[in-house]
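Q: Numbering (the working numbering), first residue to last: 1 to 311.
Don't read these hints as lab results, they were simulated from the structure.
Treat the hints with care, as some may be off.
[Stated by the list, open to error] Straight-line distance between alpha carbons at most 30 Å, and here's what the computed DSSO-like set of lysine-lysine pairs gives:
#1 Lys70 to Lys110
#2 Lys33 to Lys248
#3 Lys248 to Lys233
#4 Lys246 to Lys70
#5 Lys233 to Lys221
#6 Lys62 to Lys21
#7 Lys30 to Lys62
#8 Lys233 to Lys70
#9 Lys110 to Lys33
#10 Lys180 to Lys193
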Amino acid sequence: MNTNEYNHPKNSLVLFGLESKLDFLIELYKSKKLPKVLMVSGKKGVGKFTLINHFLTYVYDKDNYDLINKSINNETQFYKQNLNNIFSNIIYLSGNNFRNIKIEDIRELKSTILKTTISNKERFIILDDIELFNTNSLNALLKIVEEPSLNNYFILINSKTKPLIETIYSRSLEIKVLLKNETRINIIESLIKKNNLEVFIDFNSSNLSPGNFLLFNQIFKENKINVEEDFLKNLETLLNLYKKTKNKDLINVILFLTDYYFYNLQVKKNDNIDRVIENKSFVINNINKFIVYNLNQNSLINAISNKLSNG
């Protein structure tokens with residue numbers, strides 16, 4: 001994701017809905033009780049990275065951070081360095097990319113964190129989508145975490161898309177980020193107003209997290225997708241885009257579109273529930289096979305079309 005986009009967490013200048021979590025982190029930091037390993041867990045898009053970004057902005061740019069309104073000043077040197085990933089006291093690794101994090105990456109990380117930090121200030125190592133790191137990398141990471149270090153702090157972001165080995169939990173203080181539906185809707189409405197967004201998704205009847213709403217809504221806008229129109233046409237558009245870019249976010253968009261389509265059939269059009277469940281299962285299973293086994297796209301569309309036509 002490009003950090004120039006409004007939906008990137010680093011561009012979320014105001015923190016919505018997670019103010020108490022930030023206050024808790026700041027209090028740990030101020031009282032020198034911040035653990036060496038902190039895990040922030042919750043579903044994708046609930047604001048985990050945004051929360052951490054506001055916390056780190058407070059740590060490194062305290063004089064310019066508006067603590068009352070939980071607002072980041074985007075004119076400061078720190079903001080610009082952080083936005084462009086050139087602030088050396090923050091190290092970022094993500095498991096959600098086209099290659100798995102390898103042991104060599106962890107070894108390189110170890111070499112880096114042995115070096116002295118700027119002004120002997122704290123160094124934060126952010127490991128995003130930690131659940132997607134392979135087991136060997138996690139075991140190597142555990143060895144680093146267990147070594148004594150004065151200024152190195154690890155922040156693990158766990159989106160819980162896969163099980164995580166128990167030893168990681170046992171070494172961490174876990175902060176769970178959960179949003180009540182009312183809070184979720186309020187955050188999305190605030191983001192829509194703040195960014196003057198044209199809305200392409202019914203976020204009230206879906207359970208989309210704020211981050212996923214921003215991402216999916218942007219994808220629908222850019223590709224002229226109307227979720228109320230031809231499902232197969234929309235599906236084909238997204239599959240073509242995925243085939244071209246291999247962007248993993250598009251998989252979640254495709255699954256959301258599928259959920260939304262069958263939800264409408266069941267709730268709004270009162271289709272037979274057993275048939276809806278059967279057809280939805282067929283579509284999702286075949287989409288998963290297409291992704292995992294790189295199957296022919298035309299064959300997939302034809303198979304889904306035949307299934308939906310014949311019920």
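Q: Hint by hint, note whether the structure agrees.
A: Each hint, compared with the structure:
no., hint, in the structure
1, Lys70 to Lys110, "33 Å, violated"
2, Lys33 to Lys248, "37 Å, violated"
3, Lys248 to Lys233, "20 Å, holds"
4, Lys246 to Lys70, "36 Å, violated"
5, Lys233 to Lys221, "15 Å, holds"
6, Lys62 to Lys21, "17 Å, holds"
7, Lys30 to Lys62, "12 Å, holds"
8, Lys233 to Lys70, "42 Å, violated"
9, Lys110 to Lys33, "23 Å, holds"
10, Lys180 to Lys193, "20 Å, holds"
In the structure shown, a violation is registered for the earlier hints numbered 1, 2, 4 and 8, in ascending order.
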